[in-house]
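79 is the number of the first residue of the sequence shown in this note's numbering; add one for each residue after it.
In short, the hints are calculated from the structure, not lab data.
It cannot be assumed that every hint is accurate.
Label-pair distances were calculated between CB atoms; the ranges are [said to hold, decoys possible]: (1) Met79 with Trp330: 37 to 43 Å; (2) Asp362 with Gly202: 17 to 23 Å; (3) Ser180 with Ala382: 24 to 30 Å; (4) Met79 with Glu300: 52 to 58 Å; (5) Asn417 with Asp248: 34 to 40 Å; (6) Gly233 with Asn439: 17 to 23 Å; (7) Asp266 with Asp158: 37 to 43 Å.
Here a beta-carbon is modelled for each residue, glycine too, at the ideal position from N, C-alpha and C.
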Amino acid sequence: MNCTIIGGGIQGVSTGILLEYLGHETTIVSEAFAYLDGPDIPTVATDYAAASIYPVQIASEYTEDELIRRAESTFKPFYDAEEVPVRKHRHFYIYEDPHDESLPDRMGVQPIEEYDGYIPSRAGYDIRGGYTCEEYFVEMPEYIPQLFRTYKRLGGTLTQQTLTAADIPDLRGTIFNCSGYGSLELFDDTSMRAIRGHILTLEYDGEFPLPFSYTYTPTTDEYGHYAYMYPREETVLFGGSYLEGDIINGEWRGETPAKPMTVDTETIPERIYTVNADIMRNHDSVSVNKSKISAKQGYRPYRADGMRVEQDADGIIHNYGHGGSGVSLSWWSAIQAVNYLSDVDTSVLSPIATAVGQAANWLCVRYITENMWTASGSSPEALALLSL
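Could you put the whole structure together from the sequences, leaning on the hints where they help?
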């Protein structure tokens, strides 16, 4: 069956891979493709995901523990498969204020006071609560291009096009809407919100990625919101901003940091730098030098009415509105969306994970000239994929 998928982020390519694996003929249509059109496309939230496999900042009918089980179980095949850039490391959720919430249903979870290993902390501050667990982590700069290569190997087509609502009726076959924030204009979804976030990137020269990450909440009197650190193979990421608003005529309209700080020309919440710099002060392989840190901002497509995975009265199958859980729930929600067209369950993920691993060393065609790249505004990776 012919299918058109709207959206070039994690939901679009995951849905496309699943449909192609099941034998459908698909095209992904988007004005930009995550990681293929350069690293700074603010409308493509996938470019900014860290990404830990833990569902956060999402409105849903499911409990937190239900979402955790779905996220972890659907990423396990990718962790188990060879050559797929998904690893497992220790994560800490730490609070300087008293914190006595029940423990979530996560891998190897235990209260922080029962853990006898290294615990990230700030100098001069006591830890008053939290927990530690194991967590899957996706190396996004490798993973997303690998997904697009898998999609192309399975027979999928990428079409670079800016769609309007008037274009929707002319799209081929069954339509899957994975456009995220674009659903506001394309499908008049007024519950869509843009959540602005910032990422600081530091160079890392260790032989292996740091074996831990954390989400650290300082005292309410000082900041009242968390900061986080996630390790990649060649960099370390600092983040934790969450500013609510909207994008109006291409411009951000919304909250600004209560305690601002400028890093690499970006205005960020101060705690993203100060809290993380204090915690990471004892790690020699991480150079926390403000002048050498790169910063960027992007937008999460939060849906106030909740994650939408359903088929509407016009037959369009929607899969968007995941907030900060886009990567974590990508395979689970793709299966739910595709089930409106074909019967499928999570058993399909093991062979798909194998296919993704096999795409790790697949060489894309790269004979497109520099002039063509410059004229189109797309990266060589995107043009090579589009040309196949």
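Inset, instruction - Enumerate the violated hints, using their earlier numbering and listing them in ascending order. - result: Hint 5 alone not satisfied by this model.
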